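Undergrad: Required output: the full structure, derived from the provided sequences and hints.
The numbering of the sequence shown is this note's numbering, which starts it at 380 and goes up by one.
Since the hints were made in silico from the structure, they are not lab data.
Quick caveat: nothing in here was measured; it's all calculated off a predicted structure.
Backbone N, C-alpha and C fix where the C-beta goes; we use that ideal spot for every residue, glycine too.
Mixed in with the good hints there might be a few duds.
Label-pair restraints from in silico Cβ distances [as the list claims (entries may be wrong)]:
(1) Arg483 / Glu639: 31 to 41 angstroms
(2) Arg592 / Glu639: 19 to 29 angstroms
(3) Met509 / Ala535: 16 to 26 angstroms
(4) Asp519 / Asn427: 34 to 44 angstroms
(5) Glu599 / Arg557: 12 to 22 angstroms
(6) Pro410 / Leu478: 42 to 52 angstroms
(7) Asp536 / Ala503: 10 to 20 angstroms
(8) Pro415 / Pro481: 15 to 25 angstroms
(9) Ala535 / Ala477: 22 to 32 angstroms
(10) Arg556 / Arg592: 40 to 50 angstroms
(11) Glu414 / Thr488: 29 to 39 angstroms
(12) Pro415 / Pro484: 14 to 24 angstroms
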Amino acid sequence: MNPLAVEAVGLMAPGLAGWTTSQAVLTGQRPYVAEPMPAAMATLLPANERRRVTATIKLALQVAQEAMAQADIDAGAVRTVFASSGGDSEILDKICVALTQPDRPVSPTHFHQSVHNTPAGYWAIATGCMQPSLSLPAYDDSFAAGLREAAALAWADQTRVLLVAYDLPPPFPLVERRMIVAPFAVALLLNPAQDYRLAPLRLESGANQPANRLDDAGLEQLRAGNPAARGLPLLCAIARRKAGRVVLSDGGVSLSVEIEP
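TA: Here it is, written out as structure tokens:
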């Protein structure tokens, strides 16, 4: 695949409260400590909408907002790809509980928030964006699938594309069947032009290879324990600003990412 640039990054997780403040951890200058994560505010949303949305929606919008704040383009003019392994498990749990009650009192708000593209819809409300948007799940390979899709769209249409990957731990009893260790969200603004760049990338698919692991035990636990965090090796490579190669798993094949600082 032709090269494209990472123009901006948004990041939020325990101990990783924003792209800029996380640099020392991502570059290995400071060990990772899973400090409490600040509440995601998603301040671009109107107040009425902000009161209605869930933690999942706020987290996805928070990192998207952080990435777009670093760019020289209106967020409403950028196409988007949202990737999540399970969507909003909080809403799923509430609907399932309601269905066990007499008369099955499912909240209309919960019903409309149950679809997988709800964060994309609220992002459109927040930014006035009328550009195409895609929301996809790919279980543990959701980050790699989202990156591949966003990169293909950026090159096919020669336009910026914002990738947002996010996953949160599900509530009990769903957590007994789907363990996610901590919330994590990342946003990458991809640009097919090479004029604006944080790091140039070149993506290539190949035979299945082991995905990159991280030396820091805490970061590796986060990477392995949250599908969105499977992008952490790529974030570390971007933060180091050195040439390198990162392998991401993508459903039985590997997605190799060459970083060219």
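Undergrad: Each hint needs a verdict: does it hold in this structure or not?
TA: We went through each hint and held it up to the structure:
no. : hint                                : in the structure
1   : Arg483 / Glu639: 31 to 41 angstroms : 55 angstroms, violated
2   : Arg592 / Glu639: 19 to 29 angstroms : 22 angstroms, holds
3   : Met509 / Ala535: 16 to 26 angstroms : 19 angstroms, holds
4   : Asp519 / Asn427: 34 to 44 angstroms : 36 angstroms, holds
5   : Glu599 / Arg557: 12 to 22 angstroms : 20 angstroms, holds
6   : Pro410 / Leu478: 42 to 52 angstroms : 45 angstroms, holds
7   : Asp536 / Ala503: 10 to 20 angstroms : 18 angstroms, holds
8   : Pro415 / Pro481: 15 to 25 angstroms : 39 angstroms, violated
9   : Ala535 / Ala477: 22 to 32 angstroms : 42 angstroms, violated
10  : Arg556 / Arg592: 40 to 50 angstroms : 25 angstroms, violated
11  : Glu414 / Thr488: 29 to 39 angstroms : 32 angstroms, holds
12  : Pro415 / Pro484: 14 to 24 angstroms : 34 angstroms, violated
Violated hints, in rising order: 1, 8, 9, 10 and 12; the structure is consistent with all others.
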